[in-house]
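Residue numbers (the working numbering), protein chains in the order written: chain Z, 72 to 521; chain D, 462 to 629.
Rather than coming from a laboratory, the hints here were simulated on the basis of the structure.
Take these hints with a grain of salt, some might be off.
[To be verified] In silico BS3-like links for lysine-lysine, alpha-carbon gap of 27 Å or less:
id	chain 1	residue 1	chain 2	residue 2
1	Z	Lys260	D	Lys487
2	Z	Lys513	Z	Lys260
3	Z	Lys513	D	Lys549
4	Z	Lys260	Z	Lys425
5	Z	Lys356	Z	Lys169
6	D	Lys487	D	Lys616
7	Z	Lys262	D	Lys587
8	Z	Lys363	Z	Lys424
9	D	Lys587	Z	Lys513
10	Z	Lys262	Z	Lys363
11	D	Lys515	D	Lys616
12	D	Lys587	Z	Lys220
[As the list claims (entries may be wrong)] Just a sample of chain Z residues kept apart from chain D, beta carbon distances all over 12 Å, derived:
id	residue
13	Gln81
14	Pro98
15	Ser118
16	Phe214
17	Phe219
18	Ala250
19	Leu287
20	Leu311
21	Met343
22	Lys363
23	Leu366
24	Tyr374
25	Arg401
26	Tyr411
We put the CB at the ideal spot given by N, CA and C, even for glycine.
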Amino acid sequence: MSAPPNGTAQVTWADVNRDVIRTIGMPGNTYFAWMCLVGLILAAGVSAWAWQIWVGMGAAGKRTPQMWAMYITTFVFWIGIGHAGTLISAILYLFRAKWRTSIYRGAEAMTVFAVMTAGLFPVIHAGRMWFAYWLLPYPNQRFLWPNFKSPLVWDVFAISTYLTISVVFFIVGLVPDIAALRDQATGFKRKIYAVLSLGWEGSDSQWRHYRRGYGLLASLATPLVLSVHSVVSFDFAMALVPGWHSTLFAPFFVDGAIFSGFAMVLVLMLPMRYLFNWYAYIGDKHLDAMAKLILVTSLVLTYFYACEVLTSWYSGEHFERASLFYKATREYAWAYWLMYFCNCVTPLVFFWKKARTHVVTLYVVSIFVLIGMWFERFNIIVPGLGHDFYPYTWGTYYPTVTDTTIIIGSFAWFLILFLGFIRVLPSLSIVEVKEVLPHPLKRGAHAGHH
Amino acid sequence: MMTANVLGVFAHVDTTVDAIRQLRAKGFSQLTVYTPVPVEEIEEEVERVRPLSKVRLFTLIGGLTGTATGFFLTIWSSLVWSLVTGSKDPVSYPPFVIIAFELTILLGGLSTVLAVLLLGRLPRLKPSPTYDPRFTLDRFGVAVACPDAQADVVKSLLSSAGAEEVRR
């Protein structure tokens, strides 16, 4: 693929509207072909789930001690993916990082869909998922309440808050953009957009409250992003399992989440940029910034891995050492070393400036990162549970067709949501991209604003 | 007395700011400014005579309600159904902080959105008479509500400030 000119210098405000609006509308046959393929994979996943409900959890290869296995691995993986969007839209917003404007909408959509995917897994994993509502605190005759001292209940609160706030943030950001779509649409479409835009007009009083509200939402979402994966890490760190019981887990998980989230942003944005011809908006500096973030989070992650190994060795704790030795040398050693290779070695290529803007390199490294981060969670959960204090309870986990299909189906579920989104709603923020373009001035245009 | 709504459509930020200043100087204070994106120069000019947006008050109240709800729910429920382990007090604060924190963010965020809707008068069922679809594209609008008799003064003011189009 050729590299068209970068930078947003020649783009005008009207171009932004045009370039976003042209991505929405009746898609071609290729799009529907992809949708069908993804739909088929999703159907396979749903069937596998139905089979699991019918047959029982044994279909998912769950035998003591491997009761968490791949479902919780994939749950943590998807929650991690869901971190980049809110990081970009909240934390980078507060830091006024301008490069975020071109990628934040896509990343936010990714966040919402990733958390929606992640949310399925505790339900799938729970077996009798029709009782999932038992996790919520609701008044009942027997005065039964969830045990608020359980990390799993914290998780319910953290994930549902995160999903709600991400959705709210996403919708609030969309309102002025949908108003822009409304004003250039006709007929039935215009009516739908008119409803969705809530009658937004961009008057001074609307902007005044909107801007204040957006800033406050960003300030609320910032601690939330950092807390969600910390709470997820407590699911492990609060348990006494060797290799889990560590104060390191919260920052370790948050860093890994951002790392994998950015990789997923690249995996989604690079094809979008190519297909929508958005080279004027997503340029080299955006790719460079994302690659740098991946590099930094990878280095931090490597540091955490080193700490993990050092603490289990230095602690002198027999079980900690045994658990580490088991992970690195026995049945799951391949997964352990694959994780190191993907997460610590491959991103190092981003030290080289050219690699940070080279599309193929970015894509390949991102895929490696996603694989590596999935295996990181696998390595925590599966070998962790498989080798605890008592040899009688040791055990190896073997994946089954059912749980593998459900997990592959979850990727299809995520993609079907994302593919649907990019054709009905603006996946590039019209308002925010315009904001960082030079504002129209009559008396001598100066370069950019500020 | 009849009131007139006069609208000036502008293509530039600086001419829009000029128009707002000149209108203010002549004593026209009922202005509505439409912009495709929030523009700091225009905001500064408009905000000068206004108190700060009250959204933050909603956020604060929502957030504190969340904190209180979180602690109330956890403490109360552990008292009515106490899970006593090792003869320890069933009310253990540290884990309850997490629930209280999450509910602070949840209710704080939701009340912020509520505030944006209420204070910004959204959803709007009918477009305001001075709205123009170009205001979400690349044009700025200054709408002035003034007595009928002064409509012509406003019109000439807007055109002299550099409006592309002036209409009633």
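Right, here's what the structure says about each hint:
For the given pair, lysine 260 of chain Z sits about 43 Å from lysine 487 of chain D by alpha-carbon distance, which is inconsistent with the 27 Å threshold. Taking the CA atoms of lysine 513 of chain Z and lysine 260 of chain Z, the gap is near 35 Å; set against the 27 Å cutoff, the hint is violated. Restraint check: the Cα-Cα separation between lysine 513 of chain Z and lysine 549 of chain D comes to about 73 Å, which exceeds 27 Å; the hinted pair is violated. Proposed proximity of lysine 260 of chain Z and lysine 425 of chain Z is contradicted: the alpha carbons are some 44 Å apart, above 27 Å.
The straight-line distance between the Cα atoms of lysine 356 of chain Z and lysine 169 of chain Z is roughly 11 Å, inside the 27 Å bound, and the hint therefore holds. Simply put, lysine 487 of chain D and lysine 616 of chain D have alpha-carbon atoms about 13 Å apart, close enough for the 27 Å limit, and the pair holds. At roughly 12 Å between alpha-carbon atoms, lysine 262 of chain Z and lysine 587 of chain D fall within 27 Å of each other, so this suggested pair holds. Taking the CA atoms of lysine 363 of chain Z and lysine 424 of chain Z, the gap is about 10 Å. The hint holds against a cut of 27 Å.
Between lysine 587 of chain D and lysine 513 of chain Z the CA atoms are separated by roughly 33 Å; this puts the pair beyond 27 Å, and the hint is violated. Under the criterion of a C-alpha separation no larger than 27 Å, the hint pairing lysine 262 of chain Z with lysine 363 of chain Z is inconsistent with the structure, at around 43 Å. For the hint linking lysine 515 of chain D to lysine 616 of chain D, the alpha-carbon distance of about 33 Å lies beyond 27 Å, and the restraint is violated. Note on lysine 587 of chain D and lysine 220 of chain Z: the hinted pairing is violated, with a Cα-Cα distance of about 50 Å set against a maximum of 27 Å.
Against the 12 Å criterion, glutamine 81 of chain Z stays outside the reach of chain D, whose nearest CB is about 15 Å from its own CB. A cut-off of 12 Å between C-beta atoms confirms that proline 98 of chain Z is not in contact with chain D; the least separation is 24 Å. For serine 118 of chain Z, the non-interface assignment is confirmed: its Cβ lies about 35 Å from the closest Cβ of chain D, beyond the 12 Å cut-off. With a least beta-carbon separation of about 5 Å from chain D, phenylalanine 214 of chain Z fails to lie farther than 12 Å from that chain, contradicting its non-interface assignment.
Not every CB of chain D is more than 12 Å from the CB of phenylalanine 219 of chain Z (nearest about 4 Å), against its label as outside the interface. Residue placement check: alanine 250 of chain Z does not keep its beta carbon more than 12 Å from all beta carbons of chain D (closest about 5 Å). Not every CB of chain D lies more than 12 Å from the CB of leucine 287 of chain Z, the least distance being 5 Å, so the non-interface label is violated. Under the 12 Å C-beta cut-off, the non-interface status given to leucine 311 of chain Z relative to chain D holds; the minimum distance is some 15 Å.
Distance check on methionine 343 of chain Z: its Cβ is at least 23 Å (rounded) from any Cβ of chain D, clearing the 12 Å threshold; non-interface status holds. The claim that lysine 363 of chain Z is not at the interface with chain D holds, since no C-beta of that chain comes within 12 Å of its own (minimum 28 Å). Non-interface call for leucine 366 of chain Z relative to chain D: holds, since the shortest CB-CB distance, roughly 30 Å, exceeds 12 Å. At the 12 Å boundary, the C-beta of tyrosine 374 of chain Z stays outside the reach of chain D, the nearest C-beta of that chain being 26 Å off.
Listed as outside the interface, arginine 401 of chain Z is consistent with that label: its C-beta sits roughly 35 Å from the nearest C-beta of chain D, beyond the 12 Å cut-off. Under the 12 Å C-beta cut-off, the non-interface status given to tyrosine 411 of chain Z relative to chain D holds; the minimum distance is some 32 Å.
In this structure, the earlier hints numbered 1, 2, 3, 4, 9, 10, 11, 12, 16, 17, 18, 19 are contradicted, and the remaining ones agree with it.
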